[in-house]
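> Chain by chain, the residues run as shown.
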Amino acid sequence: MGLLARRNLFHDKVRFVVTLTGIVFALVLIIIQFGLFLGFTTTTSNNIDHSNADLWIVFHGVGYFDTGRNFSERKFYQVLSTPGVERAEKYMQSFGRWKRPDGRVENIQVIGFHPGSGLGEPWNIVEGSTADLRQEDSVLVDELYREKLGVGKIGDRVEIGDHRARVVGFTRGIRSFTTSPYVYATFKSSLDYTNPTSSEDSTAYILVKAKPADSPTELQARLQARLTDVDVYTTAEFSRKTRFYWMFTTGAGLAVLTAALMGLIVGVAVVAQTIYAATMDHIREYGTLKAMGATNRYLYRVLIEQAVWSAVLGYAAAMVVAHFIVEGSAKGGAVILMPWSMSAGMLGLAVVMCIAAALVSINKVTKIDPAMVFRG
Amino acid sequence: MRTGAHKHNDAVIVAKALGKVYREGTTELRALESVDLEVAAGELTLLMGPSGSGKTTLLSILGCILRASEGRLEILGEDVGSLEESELPRIRRDAIGFVFQGFNLFPTLTAAENVALALDLRGVRGAVAHKRAEELLAEVGLAQKARAFPADLSGGQKQRVAIARALAGDPPIVLADEPTAALDSTSGRTVIELLQRLAREHRRAVVMVTHDPRVLPFGDRTIHLEDGRIVRAEKNIVTGLKETLFVEAPVTGASIPQEFSV
Numbered sequence: 001m002g003l004l005a006r007r008n009l010f011h012d013k014v015r016f017v018v019t020l021t022g023i024v025f026a027l028v029l030i031i032i033q034f035g036l037f038l039g040f041t042t043t044t045s046n047n048i049d050h051s052n053a054d055l056w057i058v059f060h061g062v063g064y065f066d067t068g069r070n071f072s073e074r075k076f077y078q079v080l081s082t083p084g085v086e087r088a089e090k091y092m093q094s095f096g097r098w099k100r101p102d103g104r105v106e107n108i109q110v111i112g113f114h115p116g117s118g119l120g121e122p123w124n125i126v127e128g129s130t131a132d133l134r135q136e137d138s139v140l141v142d143e144l145y146r147e148k149l150g151v152g153k154i155g156d157r158v159e160i161g162d163h164r165a166r167v168v169g170f171t172r173g174i175r176s177f178t179t180s181p182y183v184y185a186t187f188k189s190s191l192d193y194t195n196p197t198s199s200e201d202s203t204a205y206i207l208v209k210a211k212p213a214d215s216p217t218e219l220q221a222r223l224q225a226r227l228t229d230v231d232v233y234t235t236a237e238f239s240r241k242t243r244f245y246w247m248f249t250t251g252a253g254l255a256v257l258t259a260a261l262m263g264l265i266v267g268v269a270v271v272a273q274t275i276y277a278a279t280m281d282h283i284r285e286y287g288t289l290k291a292m293g294a295t296n297r298y299l300y301r302v303l304i305e306q307a308v309w310s311a312v313l314g315y316a317a318a319m320v321v322a323h324f325i326v327e328g329s330a331k332g333g334a335v336i337l338m339p340w341s342m343s344a345g346m347l348g349l350a351v352v353m354c355i356a357a358a359l360v361s362i363n364k365v366t367k368i369d370p371a372m373v374f375r376g
Numbered sequence: 001m002r003t004g005a006h007k008h009n010d011a012v013i014v015a016k017a018l019g020k021v022y023r024e025g026t027t028e029l030r031a032l033e034s035v036d037l038e039v040a041a042g043e044l045t046l047l048m049g050p051s052g053s054g055k056t057t058l059l060s061i062l063g064c065i066l067r068a069s070e071g072r073l074e075i076l077g078e079d080v081g082s083l084e085e086s087e088l089p090r091i092r093r094d095a096i097g098f099v100f101q102g103f104n105l106f107p108t109l110t111a112a113e114n115v116a117l118a119l120d121l122r123g124v125r126g127a128v129a130h131k132r133a134e135e136l137l138a139e140v141g142l143a144q145k146a147r148a149f150p151a152d153l154s155g156g157q158k159q160r161v162a163i164a165r166a167l168a169g170d171p172p173i174v175l176a177d178e179p180t181a182a183l184d185s186t187s188g189r190t191v192i193e194l195l196q197r198l199a200r201e202h203r204r205a206v207v208m209v210t211h212d213p214r215v216l217p218f219g220d221r222t223i224h225l226e227d228g229r230i231v232r233a234e235k236n237i238v239t240g241l242k243e244t245l246f247v248e249a250p251v252t253g254a255s256i257p258q259e260f261s262v
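Residue numbers (my numbering), protein chains in the order written: chain A, 1 to 376; chain B, 1 to 262.
Because the hints were derived from the structure by calculation, they are not lab data. It is possible that some hints are incorrect.
[Claimed, not checked] Covered stretches of chain B (chain A as the covering partner; in silico rule of three or more C-beta atoms under 8 Å from a C-beta of chain A):
id: 1; segment: 20-28
id: 2; segment: 126-135
[Stated by the list, open to error] Listing some non-contacts, in silico: residues in chain A with all C-beta distances to chain B over 10 Å:
id: 3; residue: R7
id: 4; residue: D49
id: 5; residue: R172
id: 6; residue: S180
id: 7; residue: A252
id: 8; residue: A291
id: 9; residue: M292
id: 10; residue: A371
The C-beta atom is built at its ideal place from N, Cα and C for all residues, glycine as well.
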């Protein structure tokens, strides 16, 4: 049975290549779309996820990271005096205007934090360090945006909101989901860059680290009860809200997932068509098998084995193609993520897709009249 | 009575008043009517008749591929009519080997693999199946062609592979549908001699539909069908000399059995 399945599958090499191409196309399309979805969602919340904070305190009603709204720093001191708080830091997110050395202006998101605090700091620093930000008017940017921001090396000078700034280091792989790159600065400098008239007595966020003995959720309830006009989220909650906003409220995620679904449908259709055509080519053989006493179950197993072989080989080829695409995306503006769980899931999906595609053929084989073997 | 058979104690196929009606909408087509037939082990029975006479329908019913609309069919003493549809493949696997006009070999499998596939259907796999397949091919004189694909075999060789495959389950019954029709005279003779040997030496009941007059001398009995009914049955006494067992009067439709002791 296994031999027949394999021979029938591999016998017509052109058809087999077409089948594999269909599967690879579908799987790569799905991987790209799901990978983009994962990449996008991770990107939208990466500052939250890497913040090392247990809780995020935001102005009441702020639903996601990119629209931080300032509130009085008095709340910061209330937080510090709340039992269970190990430490807290003010954190700024605000849009600003970046004037490149060549005079062109780009929109940026300025992130203000306290270097050395361990809360809300940038990560993957490949040149310079957060300590270098203690120098006056200094910023860290991501190397992905060297060209966009018109800077190539440490020491390059720019203007942010009519305020002079100097690049003191680069991060790697910190993307912004919006078209405005993140620019990291000290909390104080961030205020200068985005709103020179404001003072240090306001903040967009307060990041809180709970004492090891305290449960973050209990501290969250305590802070929420004590503070007015702000919302207190766990890091996971605020991350989820941010991801949900960008992926579903804006429709961006829906578009990506719809494309993934289309990939799945196209894949099933292509594979179903090729498996069905292969089945029809061998229909007389299936009739002969039935006449010889093969049960429908025996024939199903032949077809399902063909489908599984197609799936496994198509999956292997798709993984090779996807690997290069994923690698390539790491250097681009939109990262495609393919965690091992997704790779494993894709194998399952490929098998399910191919078996689903074989159902049409299974239905056909079920209806074969074995008496056909006596007709001409 | 319309009978094509004499009574045998070792009958492996017993058909009584078999009929088959095809219905399409309000239209009915009677393909077979009141066929009585007994086929014994060790006997090569030829079914002859013009196109549309019901030969293939009868062969399909005897092969448990098609169900009769009327009458009773026993295969190895088992009443086929009382079996569920899902049980028919078991009868086909256990009791019957099929040989087809167009060989119906699997083009992607070698001769040995074609035979082994029939064994696989019966749960025999691996080295045991391979060895048995080679033995069966040796029986039909194709030991040297075990690894050849059907495309590399002549028509006669293909049909012999098909016969080896039909014998995979060691069936007491072999049903052959015009097995010599696509063959030249030499190959056709080899095949019919093989089928005759299966009947005479291996005590199998072989029923063969044929249009080929060259095979007539090899049959133990020849049953003639017309319009779905057995109109004449002849028994070969010696090659070329026939003894008529039964003739149906063509005008009245009444049957005139003529029994002869041989």
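> Can you give the numbers of the hints that this structure goes against, from lowest to highest?
1, 2, 3, 8, 9 and 10
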